[in-house]
Amino acid sequence: MKIKQNNKVNEVEVPTEGYKGIRKKILIGSDDGSKNIIMRYFTIAPGGHSPKHRHNSEHLVKIEAGKGVVVNKDGKRIEVTEGLSIFVEPNEMHQFQNPFEENFEFICIIPNIDEAQNYGFAGGLTSPYSITRHPVEQG
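Using UniProt numbering, you'd call the opening residue of the sequence shown number 1 and step up by one each time.
One or more of the hints may lead you astray.
[As the list claims (entries may be wrong)] Here are the computed lysine-lysine pairs in the PhoX-like style, where the Cα-Cα straight-line distance is at most 20 Å:
hint, residue 1, residue 2
1, K25, K8
2, K4, K35
3, K67, K20
4, K25, K67
5, K2, K35
6, K73, K25
7, K62, K73
[Claimed, not checked] Pair by pair, the computed Cβ-Cβ distance ranges are:
hint, residue 1, residue 2, range
8, E17, P90, 20 to 30 Å
9, E102, N36, 30 to 40 Å
10, P99, M1, 35 to 45 Å
It should be emphasised that the hints constitute simulated quantities derived from the structure, not laboratory data.
We put the beta carbon where it would ideally sit given N, CA and C, even for glycine.
Using the sequences and the hints given, assemble the complete structure.
What follows is the structure in structure tokens.
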């Protein structure tokens with residue numbers, strides 16, 4: 001068993017194109033011995049957002065603080081707040097936005113695969129779980 005203090009986990013800015021004002025912590029991952037899943041903590045600053053995108057794998061999201069907007073596959077903008085949980089289906093187009101004046105924070109749990117390939121942080125999108133941006137975002 002491994003127990004970690006979340007406020008002592010290193011936080012990094014998400015450097016990938018299309019992401020604005022997003023910081024990430026890997027709370028539990030490969031370095032902790034997790035072979036199947038990874039737990040991440042995201043903070044989206046006011047005005048920040050992810051690109052419209054999808055993944056081949058499902059993922060779980062739990063809103064921890066603040067409020068934000070999730071854009072679903074139909075383009076509907078849904079306000080979400082602390083205490084809500086979200087299930088994102090495989091290949092479901094989605095986006096996270098923070099149009100509000102306080103930070104929007106959430107936990108995201110995904111399959112534990114090479115995150116550099118999964119989210120393009122190292123420029124590679126070769127994983128079967130790779131991200132696919134919405135055609136409008138690729139332009």
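Now for the hints, and whether the structure bears them out:
Simply put, K25 and K8 have alpha-carbon atoms about 10 Å apart, close enough for the 20 Å limit, and the pair holds. About 17 Å separates the Cα atoms of K4 and K35, which keeps this hinted pair within 20 Å; it holds. Distance restraint check for K67 and K20: the Cα-Cα separation of roughly 17 Å lies within the 20 Å cut-off, and the hinted pair is therefore satisfied. Restraint check for K25 and K67: the C-alpha separation of about 19 Å stays at or below 20 Å, so the hint holds.
For the proposed pair K2 and K35, the alpha carbon gap of about 13 Å is at most 20 Å, so the pair holds. Restraint check for K73 and K25: the C-alpha separation of about 26 Å exceeds 20 Å, so the hint is violated. Only pairs whose Cα atoms come within 20 Å are accepted, and K62 paired with K73 is accepted, the gap being roughly 19 Å. Taking the beta carbon of each, E17 and P90 are about 23 Å apart, inside 20 to 30 Å as hinted.
For E102 and N36, the hinted distance range of 30 to 40 Å is satisfied, since their beta carbons lie about 34 Å from each other. Taking 35 to 45 Å as the suggested C-beta distance range, the pair P99 and M1 conforms, at roughly 40 Å.
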